[in-house]
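Asks: Chains E and B, in that order, give the protein sequences. Position one of the first sequence corresponds to residue 1 (UniProt numbering), numbered consecutively onward. Position one of the second sequence corresponds to residue 1 (UniProt numbering), numbered consecutively onward.
Worth double-checking, as some hints may not be accurate.
Beta-carbon label-pair distances, calculated as ranges [unchecked claim]:
hint: 1; chain 1: B; residue 1: Pro39; chain 2: E; residue 2: Phe83; range: 49 to 57 Å
hint: 2; chain 1: B; residue 1: Asp322; chain 2: E; residue 2: Ile26; range: 54 to 62 Å
hint: 3; chain 1: B; residue 1: Gly247; chain 2: E; residue 2: Phe83; range: 51 to 59 Å
hint: 4; chain 1: E; residue 1: Pro318; chain 2: B; residue 2: Phe80; range: 53 to 61 Å
Covered stretches of chain E, as calculated for chain B (at least 3 residues, CB under 8 Å) [claimed, not checked]:
hint: 5; stretch: 126 to 135
hint: 6; stretch: 216 to 229
hint: 7; stretch: 319 to 325
hint: 8; stretch: 342 to 353
Since the hints were made in silico from the structure, they are not lab data. C-beta atoms are modelled at their ideal positions from N, C-alpha and C, and glycine is treated no differently.
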Amino acid sequence: MNYAKQTAPYVRKENSTKRMMVDVLIALLPVVVFAIYQFGWDAVVRLVLSAVIFILGEVVTTFYRTKPHPSVKERKEKFKVRFKTLTINNITAPLVSAIIYALIIPSNLSLYVVAVGALFGILVVKAAFGGLGSNIFNPAAAGRVFIGLSFTSQFAYTGIDAVVGATPLGAAKDALLNIPNLLQNYTVLDLFLGNIPGSMGEISALLIIIGGIYLFARRAADFRVTLSTLVSFSVMMAIAAIAVNGNVVDIVVYQLLAGGLLFGAVFMVTDPVTSPVTKPGRWIYGLLVGSIVAFIRLFGSYPEGVVFAILLANIFVPLIDYYKWSKNRYSVKFIVGYVVALALLGFIVLVGLGGLN
Amino acid sequence: MIEKTRHIPDGKKERKNQPVSHYLEAEYLYFPTTDLRCPAGESCVIDGQYVKVGELIGTRHGGFFDQPIHSTVSGYVVGFEKKVHSSGQTVDCLIVKNDKKYVLHESCVSRTDEEIAALTKEDYIQIIKDSGLSGLGGSGFPTYVKLETKNKIDVIVANGVECEPHLISDYKLILERAHRIIEGLTYAMRAQGAKRGVVAVKKKYPELYEVLENARHSFMDFDIEIKRVGNHYPQGWEIETIKAATGIQVPVGKMPSEYGVCVFNVATLYGFYRAVKRRMPITERFVTISGNGIKTERNFSVRIGTPVRDLIEMCGGYTENDKNKVVICGGPMMGTNLQSDDLIVTKTVTSLIVLDEEPIKTEPCIHCASCVYSCPVDLQPVQIMNAYKERDKDALAVLNVNKCIECGLCSFTCPSKIHLTETMRQAKRFIRK
Chain E
1 MNYAKQTAPY
11 VRKENSTKRM
21 MVDVLIALLP
31 VVVFAIYQFG
41 WDAVVRLVLS
51 AVIFILGEVV
61 TTFYRTKPHP
71 SVKERKEKFK
81 VRFKTLTINN
91 ITAPLVSAII
101 YALIIPSNLS
111 LYVVAVGALF
121 GILVVKAAFG
131 GLGSNIFNPA
141 AAGRVFIGLS
151 FTSQFAYTGI
161 DAVVGATPLG
171 AAKDALLNIP
181 NLLQNYTVLD
191 LFLGNIPGSM
201 GEISALLIII
211 GGIYLFARRA
221 ADFRVTLSTL
231 VSFSVMMAIA
241 AIAVNGNVVD
251 IVVYQLLAGG
261 LLFGAVFMVT
271 DPVTSPVTKP
281 GRWIYGLLVG
291 SIVAFIRLFG
301 SYPEGVVFAI
311 LLANIFVPLI
321 DYYKWSKNRY
331 SVKFIVGYVV
341 ALALLGFIVL
351 VGLGGLN
Chain B
1 MIEKTRHIPD
11 GKKERKNQPV
21 SHYLEAEYLY
31 FPTTDLRCPA
41 GESCVIDGQY
51 VKVGELIGTR
61 HGGFFDQPIH
71 STVSGYVVGF
81 EKKVHSSGQT
91 VDCLIVKNDK
101 KYVLHESCVS
111 RTDEEIAALT
121 KEDYIQIIKD
131 SGLSGLGGSG
141 FPTYVKLETK
151 NKIDVIVANG
161 VECEPHLISD
171 YKLILERAHR
181 IIEGLTYAMR
191 AQGAKRGVVA
201 VKKKYPELYE
211 VLENARHSFM
221 DFDIEIKRVG
231 NHYPQGWEIE
241 TIKAATGIQV
251 PVGKMPSEYG
261 VCVFNVATLY
271 GFYRAVKRRM
281 PITERFVTIS
291 GNGIKTERNF
301 SVRIGTPVRD
311 LIEMCGGYTE
321 NDKNKVVICG
331 GPMMGTNLQS
341 DDLIVTKTVT
351 SLIVLDEEPI
361 KTEPCIHCAS
371 CVYSCPVDLQ
381 PVQIMNAYKE
391 RDKDALAVLN
401 VNKCIECGLC
411 SFTCPSKIHL
421 TETMRQAKRF
431 IRK
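In isolation and in its complexed conformation, chain E is listed as follows (with noise of 0.2 Å):
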């Protein structure tokens, strides 16, 4: 008998990184079966195809990452060591990413241009940072934005009126006072089963609901960034209906339904990878991605608002992760901040809005 040399403690608990992205499927699956149901071959082909670019890409790149030690010369024995590193999660953590990267572009979006989304989402913003763990920019949502602003004459969003957009918001940037008009087209019945055009993922918000309710349940993503972008988005909003004196909780309501807010908000922004590691620091984070996606939504005229909103929030994580204020607890400076910045906000809205006027 030997005796195994190891420090305490000595038991783990029963969870797994491959568990949390399993569970990120399993939630993600609703949604995946909406889209083949409404889009058939179309949303078929282009998750098929953005699975296998991610997934290759990814178990590709960590292959070579590894450098096998000098004394093993023999091209087999290499590719032996090699091999041994990747594991499941070189497998299960790309497929989310590729699936998120599927949902939220359109269906018939040219199958070359998704192609080029997702090598940038896998190699440039993943690999290149160092694979799993390592990327500080979501991968799905930066191959989008790439395709985005690359590609923008693809984005013919056909079928749907011409200043509806990408999803039915194109048309909130000066209609706000429009929404109760749009909303005879679309019912919010309607938003909230996906009964509307959109990209792919983003249309049902009942099944991105069941989804995040398993997501929490799980405990495999955290509810709080997902209720503070929730909040604060919200927030902003129903400032943004009073400076225009509309009806508040119908602007409110539509504003969360439509686009893709809520997928990004249960979905995307839960990555834990790019998220900050405090309470507060989350809610904070939370914070910055609702704020910036009702600014684009109210000032700007990018239909990407939530994934522009998430790639900018992903630049402030280092920040707010600094040493020499990060903390886990609730302190009242925490408190007292967040809600001066959201009120902060809010005015600039208003200001911005002419609800001084």
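Given chain E, put chain B in place with the hints provided.
Replies: For chain B alone, kept in the frame of chain E given last:
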């Protein structure tokens, strides 16, 4: 998963129902003359001398205190041998050959109630010092030093929480000796001039609450309360126990005595009873042998000084497979890994756990922050790990790595199986340089 981990599967339910075997048959008993706290020591007996139970056979010298060593059996002194101490060190041990008669030493006569009533604080300190009592919760810190505090103590907390998984020695002790523990608590209260006493036990053990509550009724002159506290880990950590039992929040790094609180383990209070009432040192303790590397798991009540190998033999030895064995003295969260099973039962040995070694495959950190959420001292293990990788002393100091109590929760909860607790230890060593 992304949540605060507080509960650890503890296996106590199975273990506490197992009977306790009283083992008095050890041929030779070993008494370490040095240990982690006491680098020097001497014996005051010669080879071949006959010693009795409770007789002084040596002294260990620490930096600012001495600890007497008492024999726990009667028999002949037969020399010295090197054995493993619970801290993992190999130490010199005085050997006594057991004649299995268990003759009591002449000095071990009970004090009458009148004698006890006349004792002053100084007397108590002297009695405890002579009995060699030390923190039996695991610290091994000499108890009389705690008593010597200049601060005014208002409340004494008896810690019967024992939150480490697998351990049931305090549980069994309370069940069998509740009355004496409460009596010991009254002595501790008298010694410190404390008005209140609180016994903290876990909520999930109503049987402990009942025996203690019954015992309490015999000491109605004293303000003693039995408090049922949470079941989570690390509830038995001094500061959490104080918080749960009395509501007083002691900041990490401060002495509880500055806040008028003094904490003793229930086993230490039993030691108070023995020392004050019986004029006897602690001679026996409960030891659990458990883990999947051992054939049958058993509980023992043994004399201090018993070699653990005897107990392993009684458990049927190790399971036979080709796996390496992880031998742990103490609990699975904070215990010490031993490189030999040649261990001696000292006052602070609560259990021996033998596990089959399972390879733990580490994945990259995904910043899920489970470690941050779970840390009982509000540290950020993941940030400390990153700062340590950069060898950033300033960041490590600002992140308060020295506050870490090494409870093991960060490693336990990590979904990527990263050994954060070990990183904390390395980081602590690093900034001390």
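Asks: None of the hints should be skipped; say for each whether it holds.
Replies: A quick look at each hint next to the structure:
1. Under the hint 49 to 57 Å, the C-beta atoms of Pro39 (chain B) and Phe83 (chain E), about 51 Å apart, fit the expected range.
2. Here the CB-CB span from Asp322 (chain B) to Ile26 (chain E) is close to 38 Å, at odds with the stated 54 to 62 Å.
3. About 57 Å separates the C-beta atoms of Gly247 (chain B) and Phe83 (chain E), a value consistent with the hinted range of 51 to 59 Å.
4. A hinted range of 53 to 61 Å for the beta carbons of Pro318 (chain E) and Phe80 (chain B) is consistent with their spacing of about 59 Å.
5. Counting residues of the stretch 126 to 135 of chain E whose CB falls under 8 Å from any CB of chain B gives 4; the rule of at least 3 is met.
6. For a cut-off of 8 Å, the count of residues in the stretch 216 to 229 of chain E with a CB near a CB of chain B stands at 5, and the three-residue condition holds.
7. Check on the stretch 319 to 325 of chain E: 3 of its residues sit with their Cβ under 8 Å from a Cβ of chain B, so the three-residue criterion for coverage holds.
8. Residues of the stretch 342 to 353 of chain E lying with their CB closer than 8 Å to a CB of chain B number 0, which falls below the three-residue condition for coverage.
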